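K.L.:
Each of the two chains sits in its own frame; use the hints to bring them together as a complex.
Line by line, the protein sequences give chains A and B. Quick note, the first sequence lines up with residues 1 to 228 if you use my numbering. Quick note, the second sequence lines up with residues 1001 to 1404 if you use my numbering.
Don't read these hints as lab results, they were simulated from the structure. Where hints are given, some of them may not hold.
Here are the simulated EDC-like pairs of lysine to aspartate or glutamate, each with C-alpha atoms no more than 20 Å apart in a straight line [stated by the list, open to error]:
#1 A:70 x A:133
#2 A:166 x B:1040
#3 A:110 x B:1258
#4 B:1286 x B:1276
#5 A:166 x B:1263
#6 A:110 x B:1256
#7 B:1270 x B:1281
#8 A:166 x B:1090
#9 B:1151 x A:61
#10 B:1151 x B:1090
#11 B:1298 x B:1263
#12 A:110 x B:1346
#13 B:1086 x B:1076
#14 A:110 x B:1181
#15 A:166 x B:1246
Small disclaimer: the values here were computed from a predicted structure and weren't measured.
These are the residues of each chain, in order.
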Amino acid sequence: MIRAALLILAIALPLGARAVPLEGAIPGDAPPRERRKESDRASRGVGISLEGILAGLYEDDPQGSPFVRKTGWGLRLGWNLTDRVGLRDTNWMFQPELQWTSRSDSEGTKALMVESRLDSFYLGARLGYRLGDAAAAFRFVPYLAAGPAATWNQVRFQVADPVGLKQGADRIDTRIESLQWGAGYGLGIGAAWLSDGGDGLTGRLELLRFHRGYLEEMALTFGLGVAF
Amino acid sequence: MRCKRILAAPLLACLLSCAPDGDPVRMAVLQWEPTARTYDLRVVEVRTLENVAALRGDAATPIGAASIRLDLRRLEGVETEKQFRKAVLEEPGSDVEAQFIEDDGVLYPSDFHSLSLATAYYNFEVSRAYALARGMPEDRLRGVPFYYFPKLTTDPSRGFVADNAAWYPALRSFLLFPFHELQGIPLAANQGVIAHEYGHGIFTALVHDGSWLPDYPARWGSAGAVMIESLEEGFADAWALGVTGDLDFVERSLDETDAMLRDVAFDRRKHCYSQDAFDEELWKNKAYLGGPYWDGRKYQIGTMWAAALHRAGQLPGTDFDRVMDALLASYRAVGTGSLADLVAHDPVGITFGTFAAIARAIVAGAPDSATRTALCSVLMDRFSLEADELGGRCDGAPRVRDCG
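Next up, chain B with everything else stripped away, as it sits in the complex (with noise of 0.2 Å):
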């Protein structure tokens, strides 16, 4: 595509102060094309900036030049989220400023942080259109911010974080760090990897009704918190394989490594698993909680997760989406037995820590009968459940019979 116009440049300046709240703008983003299966420069609506060079509006506002130290020392005392923020944000950042140059009434970044900004923008636009569409309320996650290359450290002699995209709920905001290593498309950029986040985003906003610091780790054994990890990476890579359905996102950004341990493409040896298993597993490394052990093998688990909805979502009279209804529902909207209400009373996290549980909760959010019997099919077959664990509702629907 190559492209030559000569414009005015009051065109420009009033496409970028003049545009009417909700008024969308044409604009030139970084996005997966799935026909062509590749990414691509791709022309896209923005529906709901406010404005438009600092980006902000209702889906997303971004935070720039930020600091963030994460000191222990400096959080004694800390109570409050006033306190906290006030601790830890060293720069609490400033609007970002995006360049566009502008051609037949679209809007190109013209250098790579305004593209990785704009497309990042859109990409939280498109992400959170598509948890509203599945039963997100409205005033759920509007606006929130995304610090955009924080330099974020704990020990600035050990230097910044890099490589990696986060929700950070005690700031209630994402993070989206430098590359230094990464070569593939910039996290900010890959679609998958902001829908990821932002399902961070929706389970904090639901299951912990938005909590800064939720109070389950201060109670839990070792059942409830694996489980809970476990299960948001999980869930959060279905948000990402819903808004996109890209099956490969995570390797056009991580390394193959990082991107064969999260791979929905059913394998038995990884996505088979049962409640006994995991409480042998449980047992036997209880000392690694929260070291090395359980940080890559939440993952792994988590994955086992999005296997089984996903692969709910292809079987007859539902789909993908509907299974996606079925796990926003899952997070509160099912009222007793939701996740945020076993959050809420289960004292120590057992409860929380059984795979029975969970699957009840995302059972009875399922929007149809057909989304309802995929979803016992399935994750009765990948957990080793049986029908009478899951409080009736999946009475008589068959097993997928994929782990036997």
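Excised from the complex, chain A in its bound form (with noise of 0.2 Å):
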């Protein structure tokens, strides 16, 4: 767990950095011919996963109501670095993710329409533990999830007063963009189902805490994608 914890602290490090051996990770310390027998069939790929995400989303409610409920669609682009960071023969996982989420809505009336659309970047350090056996095909992995975030907001107002347009004035379009940076963490758990060279299908269930500026946010993401 102070490897875990360890982990966790290290998210804001450049993903390339090359990770400290840690204990029990040290080359040599078991022999090679074994261990590939027993390695992980995650760690056989090349690494990377590619995973579709929908995420229903629980917003702060404008209007007082303990939340909002929206629903968002993007990409998840992982890479899994658990031997990189030492953690080969564990059943530990450490996976860095970059996901993109969007989401838009409009509301109004013919005379007031508000259009949002907010684009999240979450980047996100995954510390998961396998469930079952390393050379399992299907397996399951809690995990633990945390990163910063930041989220592009592009809002349009389009006002159409009806007196105004008798009497010869303009519909107005007003647009703003904004950046807001923030942070999420949160736990899911995520599924594979892999060949003996490491590829195959991956999926998640997620719960995560968003916060952008002053304002929070839940996501319950499902996702599917592939690992190779």
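P.N.:
Right under this line is the structure:
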């Protein structure tokens, strides 16, 4: 668990940083042939995974109810660094991920319509624990995740005052864009069905809490994709 | 307008949470632009916010997610305001939480409801500032609650109230209902509509001394009851005209038919009236008191008052703000003969049911002789009053002769 904690703290490190080998992961600690035989299928491929995601988002409600539910979709790119951070031959899994989620909505009347679109980018570090045997094709991996996030907001205000239009005024279209920084953290359970070569299908169900500026939201995310 | 700016979150967080009381916050809201004669997104300084995200301050206190049920069966045995609130507030509601993005020091609401709420707060702030400038004491309507999109019903099987806005004295609150069919400028964002409702609030605050349950309905007959309901609507429209200067504020949100009923542009058939005609109309329509006839007609009679006040404000030597000074003073400040005095001491509403009594109170509140003369000239003309009915203050004043 100390190792796990160290990895969570290390999420701000550049992804390419070479991790210091930790105790129990020193090369030569066991015969290479035996290690390959028992290696995790997830470590046999390139280590990249790509998932499509569908998210139910529970945001702060401007109207005062506990939350308002919206739907987002996006993509997630993961890079399995388990071996590189010295977790080979353990049940632990470490995977940084870049996630993009997009959602948009519009509400209003003919005279006043507000369209908003939020594109969230989340750089998460996912630390999981594989349940079951390393050689098994199907596995579950419960995990914790945390990382910085940024949200690109685009808001469009369209005003068409009915009296103004009658009197010759124009429709008014105003657009504002802004970036908000924040962070996300949460937990989930991943599933993978991998071939001998380490490629296969991946999926997950995840609950993340996001902070952006002074706002908060929960995201219940379902992901499905491929690993190779 | 197209803006792009990358700013750090801490700045926005500070703008929202660290603004000292009374420090202005620059915010984009929907406002009527008098020069372009249309609504537009405009950056304004909101000066009275104590909590920016909750949009709470001296001008108003928004309450979201409330559920109100006005069921007569539940009101049996209710005698106090506390009991009333407990009986009708199924869900008392909570703070709203507007969402903003920041650009160049300006907070932009990032969704429809945040814009609607921010605009509503600003509209209350402007309405309050106007009323304070006319002489309303500062302790009246300070931080007055407004229920935003409450679920209000008399019977859940008949659905919830929508497409309306109201001042509800029993809750000492404004109610800004959801929109279902209306497709114009949303009521909460229409400065004229908010100023109109605020006008009702001022009337309760001063004429009824803020009472949650004025006692006049139990005492008064039809004359006083119809008169007070009519003039409340007309005076509320006058407040809207005073705050916005926008003669078309109703039409921007409601349909044209509603707007025509409340058009203050002079129309002899609609705006010339008399005590005899009113009394005859009352006699013919007593059976409809509280029913559909007076529900619609009270707005038309109210518009006579609003149109008369507006006309007085156009006469030489005065302006509409001074006319509104007189109106506000007539509520309470003029003392004996004020509307508050009449409501308190008129046992059955006969006196209050006369145009002369109302006109006397307004003329008595005039801040200067030019305004008094203007009010006399118009009120005598529009309501066929004689100078000697107006307490000696209109002696010698000429009629404007709009009505002949």
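K.L.:
Evaluate each hint against the coordinates.
P.N.:
To see whether the hints hold, each was checked on the structure:
no. : hint            : in the structure
1   : A:70 x A:133    : violated, 38 Å
2   : A:166 x B:1040  : holds, 15 Å
3   : A:110 x B:1258  : holds, 18 Å
4   : B:1286 x B:1276 : holds, 15 Å
5   : A:166 x B:1263  : holds, 17 Å
6   : A:110 x B:1256  : holds, 16 Å
7   : B:1270 x B:1281 : holds, 14 Å
8   : A:166 x B:1090  : violated, 43 Å
9   : B:1151 x A:61   : holds, 16 Å
10  : B:1151 x B:1090 : holds, 10 Å
11  : B:1298 x B:1263 : holds, 14 Å
12  : A:110 x B:1346  : violated, 48 Å
13  : B:1086 x B:1076 : holds, 12 Å
14  : A:110 x B:1181  : holds, 11 Å
15  : A:166 x B:1246  : holds, 15 Å
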